[in-house]
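K.L.:
For the record, the sequence lines run as chains E and Y. Start counting the first sequence at 1; every next residue gets the next number (this note's numbering). Start counting the second sequence at 1001; every next residue gets the next number (this note's numbering).
One or more hints might be untrue.
What the hints assert, rightly or not - Quick list of the computed label-pair ranges, beta carbon to beta carbon:
no.: 1; chain 1: E; residue 1: 160; chain 2: Y; residue 2: 1191; range: 55 to 63 Å
no.: 2; chain 1: Y; residue 1: 1128; chain 2: E; residue 2: 83; range: 56 to 64 Å
no.: 3; chain 1: Y; residue 1: 1099; chain 2: E; residue 2: 11; range: 19 to 27 Å
no.: 4; chain 1: E; residue 1: 108; chain 2: Y; residue 2: 1072; range: 43 to 51 Å
no.: 5; chain 1: E; residue 1: 168; chain 2: Y; residue 2: 1289; range: 45 to 53 Å
no.: 6; chain 1: Y; residue 1: 1191; chain 2: E; residue 2: 221; range: 57 to 65 Å
Unchecked claim - Some residues of chain E that are not near chain Y, with every Cβ distance over 12 Å (derived):
no.: 7; residue: 26
no.: 8; residue: 45
no.: 9; residue: 63
no.: 10; residue: 67
no.: 11; residue: 69
no.: 12; residue: 72
no.: 13; residue: 75
no.: 14; residue: 103
By construction, these hints were calculated from the structure, which means they are not laboratory data. C-beta: ideal position from N, C-alpha, C; glycine also.
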Amino acid sequence: MLNVKDVHVAYGQSEALHGISFEANANETVAIMGRNGMGKTTLFKSLIGILPLKSGQIEVAGNEVSKDESYKRVAKGIAYVPQGRMIFPTLTVEENIHTGLENAKVKKVPDEIYALFPVLWEMRRRKGGNLSGGQQQQLAIARALVTDPKVLLLDEPTEGIQPSIIKDIARALNEIRKLRQITIVVSEQVLSFAMDVADRLFVIEGGRLVHESTRAETDTAHIKQFLSV
Amino acid sequence: MSFDEIYNIALMQGFAGLSLFSVLLLMGLGLAIIFGQMGVINMAHGEFMTIGAYTIFMFSSLTETYAPGLVQAYFPIAIVAAFFIAFAFGWLTEWALIRHLYKRPLDTLLATWGLSLGMQQVFRSTFGPKEVSPTLPEWLMGSWAPSEGLDIPINGLFVLGLTAVVTGGVLLALYKSRWGLRVRATVANRAMANATGINTKRTDRLTFAIGCGIAGVAGAAFTTIGSTGPTSGSLYIVDAFLVVTFGGAASLLGTVASAFGIAQTQSIAEFFLTGSMAKVLTLLLIVTILMIRPQGLFASKIRR
Chain E
1 MLNVKDVHVA YGQSEALHGI SFEANANETV AIMGRNGMGK TTLFKSLIGI
51 LPLKSGQIEV AGNEVSKDES YKRVAKGIAY VPQGRMIFPT LTVEENIHTG
101 LENAKVKKVP DEIYALFPVL WEMRRRKGGN LSGGQQQQLA IARALVTDPK
151 VLLLDEPTEG IQPSIIKDIA RALNEIRKLR QITIVVSEQV LSFAMDVADR
201 LFVIEGGRLV HESTRAETDT AHIKQFLSV
Chain Y
1001 MSFDEIYNIA LMQGFAGLSL FSVLLLMGLG LAIIFGQMGV INMAHGEFMT
1051 IGAYTIFMFS SLTETYAPGL VQAYFPIAIV AAFFIAFAFG WLTEWALIRH
1101 LYKRPLDTLL ATWGLSLGMQ QVFRSTFGPK EVSPTLPEWL MGSWAPSEGL
1151 DIPINGLFVL GLTAVVTGGV LLALYKSRWG LRVRATVANR AMANATGINT
1201 KRTDRLTFAI GCGIAGVAGA AFTTIGSTGP TSGSLYIVDA FLVVTFGGAA
1251 SLLGTVASAF GIAQTQSIAE FFLTGSMAKV LTLLLIVTIL MIRPQGLFAS
1301 KIRR
């Protein structure tokens, strides 16, 4: 579903990603593990089109998106939940979700979104900026989901969120995949969370993917070595 | 002087302030949308107002020459035309100039200032350096006298009504329409708005054009209370910026409140002092208040 081929990304002269290639299938969750500064966020930003590619290709369901602006990629089926949530603080919760309905025929929040995140229904008239971190994370996921994506990208969804909510988010992600059969790509530092949601794990280090394993084969001790500082 | 006379004078002077408030608000509204949305300081905003004013003048002279019978009716149509002509020029300006400069805010300041000088010269070459006035329909003339010794000019009432309609329309569009949602999302976080599927470039262009269109309406309103020259707009630009900064850049309600405050202070002080002393007093007040509240009158209360 998502096909990434030899992606290079550079900030000015300094190259941050040195040829990343991977595939993620429909109805599959892929985790990209790595420490801070290894290129996770750079990879995700280049997948959604906030950062331009230096070279390489990104395909979604067979459609080439490498040169598209972000909003066109969204129309072609990528949705993005950024690190730090980045919800619109001055908009109400309901309006935040509405921003994702740009390409939808009916501009109404689907019931299943509120079924998935009941807290958003209770808070729907509040300003997004007044929600707690965990609630904002759920809002960011809801906003991405209403675009009806084929590929859902989540950049460190557990960062700065209390442990009980992390469990909720893992449950929601598994629920979403069951309901919609979509591809989920998630970047993570918390191994237990990744083991809860992912079918396959990659490790990114210094802008390269250095390790790949399915969940069943994963040697957690080995991956922990990559994640320890 | 009896108490009644003082009361009447205060009312009339207050109403003169309301006319100034109307023009300032329409100018500030367009500027606030453009500045709040795109961070572009549009120094040519006054010239878009002048475009609106000259549009009314052109409609007036054309009607007088070709269809003298319609003099009573042209004005409302000309206001709509003023909006769309200023809108079209705004659209063109964004496409040709502004969009290349989004990442260089100081350069937009310089570029739009240059644009403003250029436009002033175009007005001068086209319409001449002398100030012109359109022939206003008769129903805009005269005054309304609800009681003895109290005269409220009808053109002032008309401008006030027009301003209320435009302001209400803009607020409604901004908070209820899809365009408004796009604008507010883009203001909050441009890259993220794009990544939720919003075409931010198209939103920018439309927003800039709408801001300029509102300036055109301000120009149309201006023709009923003053005569139009090539530099008419530039006289209002400083005040319009004051309105926006004083009100709080992102808040339209603040723009309304600050336009009202500035216009009333100016107008009432003018009655007791000279024009320039009134200006000094207004500026002093604004500077003092901005020192205490640098974010402006209204700033939304949220965690960022």
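K.L.:
Against this structure, judge whether each hint is valid.
P.N.:
Verification of the supplied hints:
no. : hint                        : verdict
1   : E:160 to Y:1191: 55 to 63 Å : 20 Å, violated
2   : Y:1128 to E:83: 56 to 64 Å  : 60 Å, holds
3   : Y:1099 to E:11: 19 to 27 Å  : 24 Å, holds
4   : E:108 to Y:1072: 43 to 51 Å : 47 Å, holds
5   : E:168 to Y:1289: 45 to 53 Å : 46 Å, holds
6   : Y:1191 to E:221: 57 to 65 Å : 38 Å, violated
7   : 26                          : 21 Å, holds
8   : 45                          : 9 Å, violated
9   : 63                          : 15 Å, holds
10  : 67                          : 15 Å, holds
11  : 69                          : 7 Å, violated
12  : 72                          : 8 Å, violated
13  : 75                          : 6 Å, violated
14  : 103                         : 6 Å, violated
Of the numbered hints listed earlier, those contradicted by the structure are 1, 6, 8, 11, 12, 13 and 14.
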